[in-house]
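Chains as they are written, first to last, in the numbering used here: chain V, 371 to 754; chain F, 642 to 738; chain E, -19 to 163.
Be careful, since some hints might not be right.
As the list claims (entries may be wrong) - Covered stretches of chain V (chain E as the covering partner; in silico rule of three or more C-beta atoms under 8 Å from a C-beta of chain E): (1) 530 to 539; (2) 633 to 640; (3) 722 to 736.
Claimed, not checked - Derived coverage of chain E by chain V (criterion: at least 3 residues anywhere in the stretch with Cβ under 8 Å from a Cβ of chain V; other residues may be distant): (4) 5 to 19; (5) 39 to 45.
No wet-lab data here; the hints were simulated from the structure. The structure displayed is predicted, hence computed values, not measured ones. Backbone N, C-alpha and C define an ideal beta-carbon position, used for all residues, glycine too.
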Amino acid sequence: MMKVIMGNHALSYGAKLSRVQVIAAYPITPQTQVVELLSEMCANGELDAKFVKVESEHSAMAASIGASAVGARAFTATSAQGLALMHEMIHWAVGARTPIVLGNINRAMGPPWSIWTEQNDSLSERDTGIMQVYCESNQEVQDTVIQSFRVSEKLLLPCMVVLDAFYLSHTYEPVDIPEQSLVDEYLPAFNPPYRLDPDDPHTFGSLTDSKWYYELRYKIEVAMNKARDEWKKANEEFENLFDRGYGLVEDYKCEDADLILITSGTITGTARIAVDILREKGKKVGLLKIRVFRPFPIDEVRDVLGGAKKVACIDRNISFGHSGIFFAEVKSALYNNSNRPPIWGYIAGLGGRDVTPETVMEIVKRTEESDTPEELIWIGLKKG
Amino acid sequence: MSEAKKIDWKGVDDMPEMAVSLSSMRVNKTASWRNLKPIIDYDKCKPCGICWKFCPEPAILLKEDGSPVIDYDYCKGCGICVEECPRKAITMHREER
Amino acid sequence: MIEVRLHGRGGQGSVVASKMLASAILKDGKWAQAFPEFGVERRGQPVTAFLRIDTKPIGAHYRIYKPDHIIILDPTLLGQINVTEGLKDGGWIIINSSKSPDKIDIKGNFKIATVDATEIAIKHRLGSKAAPIVNTAIIGAFIKATQTVGLNSILQAIKEESPAKPEENAMAAKEAYDNTMLE
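Just need the whole structure built from these sequences, with the hints factored in.
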């Protein structure tokens, strides 16, 4: 059924269709409607799940871990400072191998207070071991929640579904909400190999010295590494059932492109418009959207970018003292590759600053006119 | 119910994904840590449940009449019950094994 | 692609109006996107919402700077903010006003349509007399002027999306549609 819904509700519908059993969340702008709708669904019986009211995001993730540990499918959602407060428990969810799905609405970190989009909140969780997927439409948000449970539960790794504040969270778009029976066919019930069970009590996560901690870390990396193929498989089957799908990366008009732009999140749709305008003017410009950020799609990035003469990466985030984070990731993926096009790094749209097709075209122009790559270009900075 | 197993593996291939004890805690008895043993003097005990509340394991169970029983299979001998008992009804004794 | 900007005040239903229009456009077999001016909304404060209409899925995710049409839910905004900013030549301005279009004191290369949405809202008991909710009435005038959305689609969308009084809201839209004054 096609319905016009906001991005936040796309997360809620994704969770509902996945038949989540426990939802533990704490409200924060711009995430609030995600849990408002889910709590309504629990209250009116549409969704047979336990809604756990908690006093903080730290507790939201802790409760989700407990739920997942007993074998329940658990979902939570947050944003910015809430995600930062959850940080310790995200490490725990990974180490405990609890496949929780977390919706995060990208919001700039304070101070100064901001409620608008920026990716520094989710990217600060880069090294925890949670998978990360960046979405560009409400349809993709809903579908990614469903896909995430499938991949997460297979690998016993949590996953973060990421969407831009307001540009998706509060934007209404038509979304195809599939039949429950079709989702049931796609997503089997969660059946973990180990679970907290009073009838068969085991200890979990107790003190593990250096004799085995190292091996347990290795096993997280093995799962992350497998995740690349699992996402591809999960998507193939999703396409078969639902007639739409998404890649680890998505390339647009890259085959013959001299210059390839790199984007993530909602800047992608805007950049496609810019690519179309530039193509009409005869410029060979392409676009690579990075959708799955963890695990990082190293092979796909190498494949798509290998033939380009120049690459320009647009980051709605910054690792202070270095560069844009996607820029750094792409650059490191290319370093040991035989084809290494020069890459320019642009910081744009922090704190929800609008990124328009004109912004993207300015980035293309500046890259075209430059002979030596620059790693940190602040586009649209007000000077004076 | 599985038998007690030593929590050890050859390497990454036979390990579980997370730190989990392979044998059930029903058979994996943890009282071997104990070198002092709490003993309840039931003449002094006026069942109040405080030892049951404080036992961190929990290795103190309550009978139907509310009186406490120490489960020596899991009691690690931490002595918290001794500290907390308001009637000084629990005392520590040297473990004889 | 057709782009629309809505001006109202917090509590009048500008954002809901944009969503109702998007739902109706979907019923027409087209693609739509509706979004508020991103920020903090308060009752009485000027509020802006946006709407995009296209024949294919909409990938644009940025503010609308050059709208094709403008909807003004509250005539007192006319003197307070530059409501015509960026409006494309030949576009429609739909204003909630009891005046006829030629009596509206804004000039430019655009067409004006008016409807007394406040009176229609009060008549159908939408909101209160002190704070009538005029969004569904102004929608009726918008589709009369621009013909961008089918009347049946919008009436059905209003019935589905109204937080309260679905029938009354649909009647208000129809009454506004029938009584819109076009330049």
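- Please flag the earlier hints that this structure goes against, numbers listed from lowest up. none
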